[in-house]
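Asker: These are the residues of each chain, in order.
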Amino acid sequence: MFDDLRELYQEVILDHGKRPRNFRCIADANRQAHGNNPICGDMLVVYLAVDGGGVIRDLAFQGKGCAISMASASMMTEILKGRSVAEAEKLFRCFHEMCTKDDAKTCENADQDTLDRLSMLSGVREFPVRVKCATLAWHTMHAAVESKQPVEVSTERGQV
Amino acid sequence: MTPGQSALKAVAGNNSTAAFDVERVRQDFPILRETVYGRPLVYLDNGASAQKPRIVIDSMTKAYETYYANVHRGVHKLSQTATDAFEAAREKVARFINAPSVDEVIFTRGATEAINLVAATYGRAFLKPGDEVVISHMEHHSNIVPWQLLRDEKGIVLKIAPIDDEGGFVLDAYEKLLSPKTKIVAITHVSNALGTITPMREIVRLAHARGARVLVDGCQAVPHMPVDVQALGADFYVFSSHKLYGPTGIGVLWGRLDLLNSMPPYQGGGEMIASVSFEKTTYKNSPHRFEAGTPAIVEAVGLGAAVDYVSALGLDNIGAHESGLLAYATERLSRIDGLEIHGRAKDKAAIVAFVMKEAHAHDIGTILDRAGVAVRAGHHCAQPVMDRFGVAATARASFGLYNTKKEVDTLVDAIGVVKEFFG
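From first to last, the protein sequence lines are chains Z and F.
Residue numbers 1 to 160, in the working numbering, belong to the letters of the first sequence in order.
Residue numbers 1 to 423, in the working numbering, belong to the letters of the second sequence in order.
Some hints could be false.
[Unchecked claim] The calculated label-pair distances, taken between Cβ atoms and stated as ranges, are: (1) F:Thr-61 - Z:Glu-7: 35 to 45 Å; (2) Z:Glu-7 - F:Thr-81: 49 to 59 Å; (3) F:Arg-124 - Z:Arg-93: 43 to 53 Å.
Please keep in mind that the hints were generated in silico from the structure rather than gathered at the bench.
Ideal placement from N, C-alpha and C gives every residue a C-beta, glycine not left out.
My request is simple: use the sequences and hints to build the entire structure.
Answerer: See the structure below:
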């Protein structure tokens, strides 16, 4: 009973949802964006400190929302810290595919450990209305690195 | 047995509510035989939209299969039959809400359009800068945004009548908001997010004492209790068909005839004109003045059938049945640790909105769904209510005439699964 629920709400995810990592403001962040999922009321801010070489030195978030959105944001901060912005963008596309397609192709260059961590949330594929919960933090990160101005993204503008 | 007969039999010969045979009524709703994820469907999202009885579905199929044509136009037989059916639906609706005249019943696309119609015609024509519109803190967005659009266009002032911690309407605070500048009071009859039934007769009396017009949002009221627009004394009353077990795409604006005939048209087109020339066009009176273009003909027929259906069951019987469900659900849910019910007004329709300490409303919704229980999770298009209670979202079980205590038990069991995952 409830096998797909167990697949979605794994221990690791529940733990990240309850005790999100890097849940703080970065005072000297040079990239940040506000993400909003108006249908569910999820909202979060993603902060990045990117150095001159394009490496994410620090990454954090604050906000409120369901277990999936909080866990996804928390896990994203752990996965992306220390990586280049270019890698982060690649992993965003990879994660997005994992959440929406059964045979994700853009993940070929990622290492196994990263793939394993990203795939923790891919159970959301079985819950189409929840995909936007899982991808909200990533969309917000993507918007932040694309723009030097603080920006707002919303899952109701066609993104999932 | 023909469709609907089981419903009629469910109450026949006995006026006591014990005669409301819910198992029999359930047989009128084909969708209730469906399963989701291999479990029997427990549909507790009636506040968003209600399921349709066979008699509604059949009435629409019959219209398309045997007499469909455009209305009010053709000289041919089908057009006459379709027009008769369409206008018969209007008469049914007029009787349903005890409207003094059938010409006071305007078919719109839904309750949202009905409110927009009043704001865009009555509001634009008769309100001046500085005039005031009073709404409440628990309005659906559809009874907030049309007035904000009017505010931005006309420079009127929007005032918000408060609610208390139980979700009750605060009558004396509302009275203090009223002034000679108050021109429109637009307030819900039953809150979709909290279930609160507002003291509408008092609201109307106080508004009329200042010369204001009153629009009532009756979407969540008409499926659950008898509504008599004359007894309420309101000036406008709106509701949608789809929450009343009828089809989507059609709703009702009722208004006092003298007001309606003083209002400019809403949209221009066919059907609403008396005569057209390039120099001057004159308009028909209500209802046709406000029904430009080909209307939702078959939807009107379906709405008429839905009105027949609930009337045959009896709104008092339906209300009593649902009150029993509300009391039972409130009692069982209140005993769950960490669960908090939002909206505990004394006078309440069968809507139970709740939050849980352990889990976000959306996670609750997903888990309940896999247990076959359909609830709404979110802000219910009433974000100011959510802000009032300091939450981003609630889970909401909203009951209809076909729900059972056993289904409440299934809901409670499913909440147990939520606690298993998140506890």
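Asker: Hint by hint, note whether the structure agrees.
Answerer: Tested hints:
1. In this structure, Thr-61 of chain F and Glu-7 of chain Z meet the distance hint of 35 to 45 Å, their C-beta atoms being roughly 41 Å apart.
2. For the pair Glu-7 of chain Z and Thr-81 of chain F, the beta carbons lie near 55 Å from each other, so the given range of 49 to 59 Å is met.
3. As the Cβ distance of Arg-124 of chain F to Arg-93 of chain Z is approximately 49 Å, the hint placing it in 43 to 53 Å holds.
Checked against the numbered hints above, the structure violates none of them.
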